[in-house]
Amino acid sequence: MLEWGDVNMERFIKIAKKIARNPTSLAGLLLVLFYVAIAIFAPFLAKPPYPDTPYQMPQSGWSAIPKPPSWQNPFGTTQGQYDLYYGIIWGTRTAFKVGIVVIGLALIIGLIVGTISAYFGGWVDEVLMRITDIFLAFPFLVGVIVIVAILGPGLNHVMWALVIFYWMTYARLIRGSVLEVKENQYVMAGRALGTPGYRIISRHILPNAIFPVIIQSSMDMATIPLMAAALSFLGLGAPVGYASWGQLVSFSRNWIVSSTGGNPFAYWYTIVFPSVAIVLYAMGWNLLGDALRDIFDPRMLI
Amino acid sequence: MPVTLLGLTFLIFFFTSFLSPYQLVSAYVTSPRELQAGNVDKIIEKYGLNQNFIFRYGRWIDGLVHGNFGWSLSLNEPVSKVLEQRFPATIELTIYAIIPVIFIGIWLGVVAASHHNGVIDQVLRVVALLGYSVPAFVLGLLLLFILYGVLGWLPPGRMDQWAQMIYYAKSFHHYTGIATLDALLNGRIWVFLDILKHLIDPVLTLSFLSIAGLLRITRSSMLESLGQDYIRTARAKGLSERVVVNKHAKRNALIPATTVAGLMFIGMLGGVIITETIFNYPGIGSFAAQAAEQFDYAGVLGVAVVFGIVTVIGNLIVDISYAIIDPRVRVG
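Line order of the protein sequences matches chains S and Z.
Going letter by letter, the first sequence gives residues 1 to 302 in our numbering.
Going letter by letter, the second sequence gives residues 303 to 634 in our numbering.
The shape of chain S in the complex, shown without the other chains (with noise of 0.2 Å):
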């Protein structure tokens, strides 16, 4: 049986250990902390000109066309002028708060459903299962552009609609979790105990069910924040000049498509550098999943 108390320091050091013993491993958490550390460090990387509102790129001009890298706009500026270093920066942040506030979220409501229906069972897990079922009826994306359809662009009203969209996932997959982990002897022993329910939930069954979850939440990390700059790309998302790296793919689709006349090449530096950032930051989460579902769920061979 564990509890939280005991797992901290000494389950935590272990886990460090076994992650740097693989290479592939070792280089997702890098990456992750790289990332983490530009977000932390944001105001200092890319100092924002306007204080109060950070996440407004500073425009360099007002001409559309793009400028390659210089010493002032060290990644080259994008369509309007944005700088492509502060946009990337600063849309580090954007990603991790995209991902934190929406998987923090769908957990809780995961946690709630999930843990309830498996606990209880009978006509309640029914009756969330289905209505979980209804959820999952839509592609993802399909969801997602319905709510923020509904209510109107913006960056708030994508995280909602990815939240409203995604706590399935968890509720399904924390259900089966804690169905087999209902079953072991400790649990009965605390029922035969006469502990009561909440308690037997919070420190016996949740400590033991949560590992896939924990997985899947850093796989997630990747993917939310994608599905957030999808939107942006799309023109759902975060508002003109919002740093948000979907929103910089976005606007190099206009100088790297023309295919007549000129060197193809004159504008590289609007995709590459927004593009080489998104796919780090979700190799890096990728690859930490893969160690902790290493570390954590041996069975799968990955």
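Everything labelled a hint here was simulated from the structure, so no lab data went into it.
Do not take every clue at face value.
Here are some chain Z residues pointing at chain S (derived, C-beta under 8 Å) [stated by the list, open to error]:
1. Val-305
2. Leu-313
3. Phe-315
4. Phe-317
5. Leu-321
6. Ser-435
7. Ile-533
8. Ala-536
9. Ala-538
10. Leu-565
11. Ile-568
12. Ala-591
13. Phe-597
14. Tyr-599
15. Val-602
16. Thr-613
Which residues of chain Z face chain S? A partial, calculated answer using Cβ under 7 Å [to be verified]:
17. Pro-304
18. Thr-306
19. Phe-439
20. Leu-446
21. Val-452
22. Leu-571
23. Thr-579
24. Ala-594
Quick reminder that beta carbons are idealized off the backbone N, C-alpha and C, glycines included.
Since the structure of chain S is provided, determine the placement of chain Z on it from the hints.
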């Protein structure tokens, strides 16, 4: 399943209750002439948009059943007509995309597992990692950049100008709405090739992520089945490695892979929104994005209903095929 469908429409409609009657008008009218000034209040009255939720829901479902999906503000056409024209294009795209996913994904998964921890396995691990980490809008734009911007080979859109002249001419019969099939049925081989050429980019974008997913699933279930006792028996009997892998291990490993492939088809339906938008492909995905951007509620609701129905049917097919492949499973 009917419960899910009803719940689904209920859920979609529930979200619209956050909108004012004025915003909702477009989901009910059948032509813009009804939208003239002063008329709007009458329409609200007529369709009971100021009535209670259950009443409005009943009205809306009644409309859907009779094929009235409202008026699309973004395209100035009835939504039902837009869906009818664009849905076959989306189905065409997803079918072309799922074929390489199933064949390449499963094949690579089997190869990776049978060379466990070898060089090929490591390379495929990187491929899978890239598939997970490169989002569709980045991959699509990079493909467009390289294959069209730099090399000028694969332009976006559905077909070239000259092909459009033939495709939309009176003498061209639209038997199925699936453009490649229609071109073949009309004996227009060059139109067929042109449409195929325009499909390469979106198909690559759409299938790459799913190939990576299926590769991983197949690989892990293959590894699991290669570790079973009956595999050791088969090897002990002196069977060749090829027979062991193909006849004994693969059969069982394909069960989870098949289910996942079905789910991927559904996942792809969500992916078409981004892919179609990047490549200006006229399917319901790009329509959904456009409608959402232009506050075209009728369009968004219509697309959502169609996607929902397809998903529910798709899930049912997955369940049934699962029962056929694996006799241990019974459809409940």
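Right, here's what the structure says about each hint:
Interface restraint check for Val-305(Z): the shortest CB-CB distance to chain S comes to about 7 Å, inside 8 Å, so the restraint holds. Interface restraint check for Leu-313(Z): the shortest CB-CB distance to chain S comes to about 6 Å, inside 8 Å, so the restraint holds. For Phe-315(Z), the interface hint is violated, the least distance from its beta-carbon to any beta-carbon of chain S being 11 Å, above 8 Å. Among the interface hints, the one on Phe-317(Z) holds; its C-beta lies about 5 Å from the nearest C-beta in chain S, closer than the 8 Å criterion.
A least Cβ separation of about 6 Å between Leu-321(Z) and chain S falls short of the 8 Å threshold, and the interface hint therefore holds. Because the smallest distance between the Cβ of Ser-435(Z) and any Cβ of chain S comes to about 4 Å, under 8 Å, the interface hint for this residue holds. With a least beta-carbon distance of about 14 Å to chain S, the hint placing Ile-533(Z) at the interface is violated under the 8 Å criterion. The interface hint given for Ala-536(Z) is violated, since its Cβ lies 20 Å from the closest Cβ of chain S, which is over the 8 Å cut-off.
The interface hint given for Ala-538(Z) is broken, as the beta carbon of that residue sits about 23 Å from the closest beta carbon of chain S, more than 8 Å. With 8 Å as the threshold, the beta carbon of Leu-565(Z) stays out of range of chain S, its nearest partner Cβ sitting at about 10 Å, so the hint is violated. Hint status for Ile-568(Z): holds, given a least beta-carbon distance of 6 Å to chain S, under 8 Å. For Ala-591(Z), the shortest C-beta to C-beta distance to chain S is roughly 5 Å, which falls under 8 Å, so the interface hint holds.
The restraint placing Phe-597(Z) at the interface with chain S holds, with a minimum CB-CB distance near 7 Å, inside the 8 Å limit. For the restraint placing Tyr-599(Z) at the interface with chain S, the shortest Cβ-Cβ distance is roughly 7 Å, inside the 8 Å limit, so the hint holds. Using the Cβ-Cβ criterion of 8 Å, the hint placing Val-602(Z) at the interface with chain S is satisfied: the shortest such distance is roughly 4 Å. Annotation: Thr-613(Z) was flagged as interfacial toward chain S, and the flag holds, the nearest CB pair being 5 Å apart, inside 8 Å.
Hint status for Pro-304(Z) relative to chain S: violated, with the closest Cβ pair at about 12 Å, above 7 Å. Checking Thr-306(Z) against chain S: minimum C-beta separation of about 5 Å stays under 7 Å; hint holds. Because the closest C-beta pair between Phe-439(Z) and chain S is about 5 Å apart, less than 7 Å, the hint holds. Hint status for Leu-446(Z): holds, given a least beta-carbon distance of 5 Å to chain S, under 7 Å.
Nearest Cβ of chain S to the Cβ of Val-452(Z): about 4 Å, under the 7 Å cut. The hint holds. Nearest Cβ of chain S to the Cβ of Leu-571(Z): about 5 Å, under the 7 Å cut. The hint holds. Interface restraint check for Thr-579(Z): the shortest CB-CB distance to chain S comes to about 6 Å, inside 7 Å, so the restraint holds. Interface restraint check for Ala-594(Z): the shortest CB-CB distance to chain S comes to about 4 Å, inside 7 Å, so the restraint holds.
When the structure is compared with the earlier hints, violations turn up for hints 3, 7, 8, 9, 10 and 17 and for no others.
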